[in-house]
Each structure stands twice: as C-alpha cells, then as structure tokens.
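A.B. asks: The chain contents come next:
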Amino acid sequence: MSHGPEISRQSDAIVPLLLFALFLLASPFTLMWAADTSPWYLPYMLWLALIGLIAWANHRPGAP
Amino acid sequence: MIFELGYLFIVGVAYLLLLFLIAYAAEREWIPPRVARHPATYVLSLGVYATSWSYYGSVGFAQTQGYNFLTIYLGVTVAFLLTPVLLMPILRLVRDYQLTSLADVFAFRYRNRATGLLVTLFMLVGILPYISLQIRAVTESIRVLTQEATPAMLGFGFCVTLILFAILFGARHASSREKHEGLVVAIAFESAIKLIALGGVGLFAVFGVFGGVHGMDAWLARHPEALHALYEPVQNGPWTTLLLLSFAAAFLLPRQFHMTFTENIEARTLPVASWGFPLVLLLLNLAIPPILWAGHELQPTTSPDYYVLGITLTGSSVWLPTLAFLGGVSAASAMMIVETLALAAMCLNHLILPASLRNSERPYTNLYQRLLWWRRVLIAVIIFAGYGFYLLLQANQGLVQLGLISFVAVAQFLPGVLGLLFWPRATRVGFIGGLAAGALTWMLTMLLPLLEHSGLLHTGLDIQSWVGARNQHPIAFATFWSLAVNGFLFVGLSLASRRTTEEVEAARACARDTVTPPRGVVAADSPQQFQEQLERIVGTQMAHKEVQQALDDLQMRQDERRPSELRRLRERIERNLSGLMGPDLARMIVNDRLQMDPKARTALADTMRFVEERLEDSNMRLQGLAAELDALRRYHRQILHELPLGVCSLGPDREVVIWNQAMRIISGITSRDVIGVPLARLQEPWGGLLRGFVQTRDQHLYKLQVGIHGRTRWFNLHKAAIDDRSRATDARGGLVILIEDLTDLQTLEAELTHSERLASIGRLAAGVAHEIGNPLTGIASLAQNLEYESDPAVIQESILLIQQQIGRIGDIVRTLVTFSHGGMPSDRNMAPLKLRDCVEEAVRLVRLSHAGKQVACLNHCEAGLSLYGDRQRLLQVFVNLLTNACDASRPGDTVEIRAPANGQEALIEVIDHGVGIPSEWQDRVFEPFFTTKQPGEGTGLGLPLVYSIVQDHGGTVTLESAVGVGTRVQLRLPLVQEELVKEGAGHRVAET
Chain A
1 MSHGPEISRQ
11 SDAIVPLLLF
21 ALFLLASPFT
31 LMWAADTSPW
41 YLPYMLWLAL
51 IGLIAWANHR
61 PGAP
Chain B
1001 MIFELGYLFI
1011 VGVAYLLLLF
1021 LIAYAAEREW
1031 IPPRVARHPA
1041 TYVLSLGVYA
1051 TSWSYYGSVG
1061 FAQTQGYNFL
1071 TIYLGVTVAF
1081 LLTPVLLMPI
1091 LRLVRDYQLT
1101 SLADVFAFRY
1111 RNRATGLLVT
1121 LFMLVGILPY
1131 ISLQIRAVTE
1141 SIRVLTQEAT
1151 PAMLGFGFCV
1161 TLILFAILFG
1171 ARHASSREKH
1181 EGLVVAIAFE
1191 SAIKLIALGG
1201 VGLFAVFGVF
1211 GGVHGMDAWL
1221 ARHPEALHAL
1231 YEPVQNGPWT
1241 TLLLLSFAAA
1251 FLLPRQFHMT
1261 FTENIEARTL
1271 PVASWGFPLV
1281 LLLLNLAIPP
1291 ILWAGHELQP
1301 TTSPDYYVLG
1311 ITLTGSSVWL
1321 PTLAFLGGVS
1331 AASAMMIVET
1341 LALAAMCLNH
1351 LILPASLRNS
1361 ERPYTNLYQR
1371 LLWWRRVLIA
1381 VIIFAGYGFY
1391 LLLQANQGLV
1401 QLGLISFVAV
1411 AQFLPGVLGL
1421 LFWPRATRVG
1431 FIGGLAAGAL
1441 TWMLTMLLPL
1451 LEHSGLLHTG
1461 LDIQSWVGAR
1471 NQHPIAFATF
1481 WSLAVNGFLF
1491 VGLSLASRRT
1501 TEEVEAARAC
1511 ARDTVTPPRG
1521 VVAADSPQQF
1531 QEQLERIVGT
1541 QMAHKEVQQA
1551 LDDLQMRQDE
1561 RRPSELRRLR
1571 ERIERNLSGL
1581 MGPDLARMIV
1591 NDRLQMDPKA
1601 RTALADTMRF
1611 VEERLEDSNM
1621 RLQGLAAELD
1631 ALRRYHRQIL
1641 HELPLGVCSL
1651 GPDREVVIWN
1661 QAMRIISGIT
1671 SRDVIGVPLA
1681 RLQEPWGGLL
1691 RGFVQTRDQH
1701 LYKLQVGIHG
1711 RTRWFNLHKA
1721 AIDDRSRATD
1731 ARGGLVILIE
1741 DLTDLQTLEA
1751 ELTHSERLAS
1761 IGRLAAGVAH
1771 EIGNPLTGIA
1781 SLAQNLEYES
1791 DPAVIQESIL
1801 LIQQQIGRIG
1811 DIVRTLVTFS
1821 HGGMPSDRNM
1831 APLKLRDCVE
1841 EAVRLVRLSH
1851 AGKQVACLNH
1861 CEAGLSLYGD
1871 RQRLLQVFVN
1881 LLTNACDASR
1891 PGDTVEIRAP
1901 ANGQEALIEV
1911 IDHGVGIPSE
1921 WQDRVFEPFF
1931 TTKQPGEGTG
1941 LGLPLVYSIV
1951 QDHGGTVTLE
1961 SAVGVGTRVQ
1971 LRLPLVQEEL
1981 VKEGAGHRVA
1991 ET
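So the sequences go chain by chain: A and B.
Residues 1 to 64 in the working numbering are what the first sequence spells out, letter by letter.
Residues 1001 to 1992 in the working numbering are what the second sequence spells out, letter by letter.
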C-alpha cells in the first residue's frame, strides 16, 4: 500500500465516497429509505448514484 | 412445458464446447488480443462472482429476506469503491512478486510454511459447500425442466465435463504465473450470457406476465404486501452483517482473487472495474424483483429458488427456458472452473510441493511436467470433493444458505488482509492464531449445524443457546463471534510476539513506499554458477530455463559479473519461481542454493541505484520538502554529468559509483557497463591507470602520458577523499577522481612549437644561405683550379680543402635538419643529455642568423652537468632565448650563458646587455602571441614555448630586466646523476 502524498490525493475522493456509501447503506438513513412507501426501484437508483460517483472519482480530471 | 433430458444434455455440452472454442480462439489470437485486454472483458470476467446463488438463489433469497439479497452485491460495490487503497496495492504486490493466490500473498507477508498450509486447508473446507451448491443448482434446474428426478450420474457427468474443461482452460501450461487470456474471454462471455438470460427472463416477467411496466405497477398497487416483504427485512434482518460478508467475499473468494488479480492482464483495467463491475451486478439484479412477483402471480410448481426457470415454462416458446437454463449452466460452470483452478494452485504450492521437494533426494528431471500433472490431478480431486459434499448434504438447505457458509469462512481472512496492507506490526503468530481461532468458531457455528441439519452428525451442540443468543440471526451470530475471536487474537498475539527480520522485510515490501535499500552480496560470481546451484534441486532443464528467463526479464547478459546485478538476478529468479511454486518454496530454494555472502558489504553503487530508481518512480508523487530535495538532487546530478571534466567516484569498497558523460567520452565506456564494477575488474587500460593513481600518495598528476589503442593521450588527474560521517571513524570512505583530457591541447602545443621552430628556421634562412654560399664558392674555385693543376701535392691539398668545405656544409645542413624535426608529442624522446653540448649546438644555430653573427655568444656552462629531457625541445628553449638576446643586443655585444651547479638543479642564466624590457611588459612576455617586434619579425610564441617546455621538464623560468641595462633569464632544471639515469623519475609512459 502506498502512503504519503499519493494516498493523500486518493483520499480526497475515497473518504467522502466511503462516508457517503456508509451513510446510504449502514446508517439510520438506510431505515428511512427502506420504507414501504418507497418505490420498488429506489434501492437501485441509490446504488446507481453511488456507482456514478465512483466512476466520476476515478475518471475526473487530475485523478491519479 | 417439459423438456427432454437428452435435449438439455446436448444443449449443455454444446454450450461448454462453445466456451472452449472461444477460449481457444482467444489464445490463438483469432479473437484480437485487444478484446482480451479490453476493460469491458475484464469487468465481465469479474462477473464470475454471480454464481448459481445469484442466478437462481437471489429470487429465493428475496422471497425470504427481501432486499437483504442486494447486500451480497452492495458490499462488493463498497469493496471496489476502495480500489485505490485496497485492491490496487494487492494487485501491485501480486504482479511484483508473482503471487498467484491468496495463500501465496499471506505466505509472503506472514513468513511461515504453516501460514500457506493453514490458509489452503481452511479455504478448501470453506469453499466445498459453495462448489456443492453449483452442482445442486444444475441438477435441480434439470429436474425443474424435465419434471423428473435427476439421474444420479448426471451430477457426476457434469463434474467430469467440468474437470475436462477446467484442465483445458487453465492447466495446459505448467505455471499458474502465465496469464490465460482464453479463460478471461470465456468467463467474460459466460457473464454476458448470464446478463442476457436474466435480462430476458426479467423482460418476460414485466412484459409477458404483467403486460408492461404499468401493469406491474398496478399489480404492486393491488399487492402492497409485496413491497412490504421486500423492505421489512432490511429493518430487521442481518443487513449490515451481509454487507460485511460480501465486502470480504468481493476479493477474498478464490475465484474473485484469481480473476481480479492473478488473471489481470493490464493494471489499467482495475480502476474501470471499480465502477464497471458494480454496474454489471446492478444490471444482473434489476430483474430479481419482477421475477419474484411474476412467480407470485403465476404460482409455478418450483420453489422460489427456481422461479427463473419456473415462470418461463408457462410461456409457449422453447428458447426462453433454454436460454434461462444456459444462464444457470454458465453461472455454475464458470464458478466451478475458476474456483477449482484457484484452489488447485494453492494446494500445489502449499500442500503438494513442500512435501514433495522435502522428501525428494534427487533433483527432478522435468519439474515442469510434474507441476502440470499435479495441477490436473488436483483439479479433479477438488471437483470430486465438491461432488462428494453434494451427495452427503440433504436437499433441505437452500442455495443461499450454502453460499453464506462459505462467505463467513472467507471473511476470516479479512483481519490478515488489513494487517498486510495497513499494519506492519502484524506478525505470523498473530495471523495464524487469529485465523485458527476464527476457523474453529466458524466450524462450530456454521459447519457443524450444516452437517447436523443434513443428518450427518448428531452432537446436540447449540452454541447460540449456550451463549443466550438464540434470537440472533445465525449468520450474524457466526460472523460476529468468529471475526471477534479472530481479530482479538490477531491483534493480541501480534503485539505479544516479536517480528523476525524476514517479517520486517516482508512488511516493508507490502508497504512499498518505504525506501529500503537492498542488502547483501551474492556469493555466486556469475549466472552460470546460479544455474549450477539450482540444478541440484530443480533439475537441469528448469534451472537453465529459469535463469535464462530471469536474464531476459532484466535484459542482462550471460557474462554479467557486477555484484549489484547478480543480486537483482537472484531476486528475479525468486519472483519467477514464486509464480511457479509459491513464495515459500521459492524463497527456500533461493536461500538454500543462491546464498548471500555474509561478510560482504552492500555496495554503495547498489544503494544509490536503488534510491534513484525509487525516487524516479515516486517523482510525480513527492510534495513539499521531499519534492524540493528531489529537484535539488537531480540538479546536482545533472551538474556532475554535464561537467566537461571526467568524474569517476568510487565507493568505500572501490566500486564505481559515478561515471559521468565526460568519462564516457574520454574512455569510450558507458556508465551502464561500469557502475557497480569493482576497480579491480575495470577494463584496461583504465583499470590499471585508476588503480595506480588511487594507490599513489600524489593528489594530482599532470600531463600523464598514456598509450590507448595505439594512440598517445595526455591527462591531468586529481583525486580527493570523500568522508562519510555516518560510518565508523575507522571505515574507509569513498574517493572522487577528476580526469582532464589534455590530448588536444598537447597536440596544439606541439604544432605551435613546430611552427615556432620553422619560423626560427625562416629567420635563419638568410644567414644559412650565406653560410652555405661561402664554402660553395670555395669549392667552386678549388674545382676550377684543379682542372688545370698537375702537381699531385697541390691536387691533394685542394682535395682536402674541398672535403673540409663539404664537411662544413654538411654540419650546417645536419644542424638545420635536426632542429627542424617535427618533434610531435608522441615522438618525444626523454634521455640524459649534456647541458653544455646542448647549449653549444644552440649557439651554432643562432650564429647562422644575421643578428647572431654580430653578437658573441659565450657558453660558460659547466662541463659535467646532465639533464634528463627531450633534447629537441631543450634545444628549442636555448635557441629562442639566445635569439631574443641577440635581437636585443647591439653589434659587438656579448651574450653569456652560465650554468653553475646548484645542488640537485641547474641554474641556467642567459644574460644580455641589450635594450631591456620595460617593466609594464615584463608580466606579459610569457603570454602567447605577445611580441615587441614588428609584424613578420616574431610570432610571439618563443617565450611561451620556453615556459611550457621548461615546465614540462619539471623546471621554472623567471626573467629580470631593466631598460638600457639588459635582461637576465633564469632557468631552473633538475639535474640528473649518471647512476640515476635509468630510473624514470618524472614522466611515465603507459602502453597498451
């Protein structure tokens, strides 16, 4: 694993993404969206949004 | 609709044949290599994660656990989100050290044979339920389509077919270090079939069963319990536990590790997979809810696990159920093939080979073939073990249940992986202790209940009841306690135990950015010795091939002798062997056969090279002070390399550390060929020259004459010691040598000297013509008289006079020819000479000129004084001084040349009483081209040449003058005693 400058650049994107993923999937917010009143496709939309953010983080200008 | 067994058999076998054809076409490059290397192919190949569990079992899972089924794929998304810090480092490690499995990675980091053994055995036991699940899914799917009980041999036949294809796909070469592009393309194709099949069934569910999206929405509105059934388990089920399990499974399952890392062809594809693979999983699972609801609507006779097939049977077409069936075959076969290949590599490296090599007394004659056949046998054994497990288990375990048991097993490797990447303090004791405890807990909480439930064991053990956690979900209970025990022991035992030197090195290698210079010098002297040593264990063929492969990889020659390069070769051989037989055995073989010299010190050149390479690698990543220091280092290095002087720096062990561009031009030897070479082995004549200079006390040598390839060259050499304050005070430091190439300068000087000599002769020309003319006139007159003379006595006297005059002309001509001789630097002839004779000859020459005739040159040099030098050049000195003195004198004046002995040197004075030199010009008279004479009367090179020649002879020249009084030029030249003539003090000549 690389430490130092490289990880500090990567953590610019990884840390917020991870926090967002945990917020979506492993926090009380999970219980909020997993309600009967939510449309059936909501989990897929949230999943797709997370995938989109991962793609943006990996291919944004200046990404290592 | 009912299908015939024969039809399904033909379709299944045809599909597998198609797969093999695709793999074969990819390996033969009928399918362009860019397809195999494309990121999309890599992403699809990772779809091997979706097995029969995903294909069939997800619907059953959704039935019982609602949207909890999505956690199996959401956890993978989180794992791939962490690609830069979690997956890329593992990929680098795998590629750098040619590690082919998770067991190899752990054996590399936690250096102990028990590590690889334990990981392999636990992985085998943990994955067997998963393999049996695939066989169950295929046989069950056939039962659903044929509506008949499946013949017992069908599962066996499926296994035999898969063994054949696994061998053809991935065991045609001896080594698992070779990439299988065919396998990658075939698995990618299978993932595409799964996507198409599930997508097709999903579309049938939406449009065929509900009449469209609106129809499905209307059905959901009528059946709100359907949505409730999906969301409610998220609130109350093991959501977080399943997320954690699938996070670990994403890269720790043998098949996932194999496709993600071992079969990764291009590293650039992994960042694409970080979002591409989750997208593929999303698309695969998008169809699950509609299929589940279609099953609720149509109520087929199958269990929810097989709704994918069941709902298609209600239609009228044959192709949809066939496609759905093929999707299931794809899912099962891909998983079994890849999983088996991965497990076979582990078993070979950590079970079979260690036992085999330890017990073998003789080297193997063909180890490659043995490895190949062992691999094939292991593939068969593992698949049949999975089949045996399938036969033993009752069919009352759901597909998901079996899969989750394997997931909890694989999760036990998570602490070890985290330690590998992020905690250098972790030790093998901690890893083995934690893993063993976690495995035991898994057996008690997962495996034992499975065997009890299948009727194979009756222990009455109920761990959950014992600890009062009966209400907890079994998966959550097993996961928590196994990981807790594992993690606690991993950390505790690691802190309580000491790391060995090997573990410290391994931890640094895994951390990678810690700059650790290499240590040690290899005992062997050459690649040939490497081969001879390796032969004793692995046989001649393998030893030769592996050494040659490593030489080719590093672009080294067979005649490589530099210690630093041999150490690199040793490391490369170890890595290549690691790809063949695992890191443990590779290290054992290399440590045993290619030993390091315990007394030798690591070369400074080696350390410098390592540091420079690492800094080059990290150049783009350095920031702040580190970046500034690196820029400064590059600037200083550039200065050294661009210096017009040759720079050769030697380390404490006298190996070449720096050899700059000017040295390359001077010597014709590139730095690549010389860096790291000990001075004792440097090619001649440079080795001899530098060794000699290093050993002398002189810090400087001037105008050293060296013969190189038949050509004489001149150098100034300077040296200075480098103190290394970090070393012990009695340790020898390095040395820096500067070399100035004076060859061109010396050649130019010689040409100027020659020009000056010719100019002198030119000035003498008129006098020479007069001197020769007089005797010629006398000869002509005597000859004329002889014509008429008859007296023999007069004739005899005339003949004698003619001979005297001829002799006189001969002397003048000989003197001129001798003086005009080129005297190129390579023609210099150092020899003892009498000072008085040399001065006398100079006087004779000067008398030939007009000014020389009018001034009396008096030679008062002592007779016994001898110098050691080049007669021609010293003659030039005296001619120039006497010429200047005569030119400055008035007709009738005298010029004296005195040379009393003065100890070890002669003090030669040329004194005239001429016009003198003004004081403001006295400092400039030795400047080239400075003259007080009219144009055409002097070149201005006379005194500079005098200065240069005297200096070459180890002497000095000074001048005193006063206007109207005269000038005194003093030369100091070392004298030589007759008995010391043969000892060469002064200049030495080195010849090739």
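No wet-lab data here; the hints were simulated from the structure.
Each residue gets a CB set at the ideal place from its N, CA and C atoms; glycine is no exception.
Among the hints, erroneous ones may be present.
Stated by the list, open to error - Covered, in the sense of this in silico footprint (three residues per stretch, anywhere, with C-beta under 8 Å from a C-beta of chain B), are these stretches of chain A:
no. : segment
1   : 29-36
2   : 48-57
Stated by the list, open to error - Here are the simulated distance ranges between beta carbons:
no. : chain 1 : residue 1 : chain 2 : residue 2 : range
3   : A       : Val15     : B       : Arg1691   : 37 to 45 Å
4   : B       : Gln1299   : A       : Pro61     : 51 to 59 Å
5   : B       : Asp1592   : A       : Val15     : 43 to 51 Å
What the hints assert, rightly or not - Partner residues are not named here, just some residues of chain A that face chain B (Cβ under 7 Å, in silico):
no. : residue
6   : Leu17
7   : Ala21
8   : Phe23
A.B. asks: Look at each hint and say if it fits the structure.
C.D. replies: These are the hints, each one checked on the structure:
1. 29-36: It holds: at least three residues are needed, and the segment 29-36 of chain A offers 5 whose Cβ sits within less than 8 Å of chain B.
2. 48-57: holds (count 6)
3. Val15(A) <-> Arg1691(B): 37 to 45 Å: 59 Å, violated
4. Gln1299(B) <-> Pro61(A): 51 to 59 Å: Holds - the Cβ-Cβ distance for Gln1299(B) and Pro61(A), about 54 Å, lies within 51 to 59 Å.
5. Asp1592(B) <-> Val15(A): 43 to 51 Å: The hinted range 43 to 51 Å holds for Asp1592(B) and Val15(A), with Cβ atoms some 46 Å apart.
6. Leu17: 6 Å, holds
7. Ala21: Ala21(A) check passes; min Cβ-Cβ to chain B is 5 Å, inside 7 Å.
8. Phe23: 12 Å, violated
The structure fails hints 3 and 8 (numbered hints given earlier, in ascending order).
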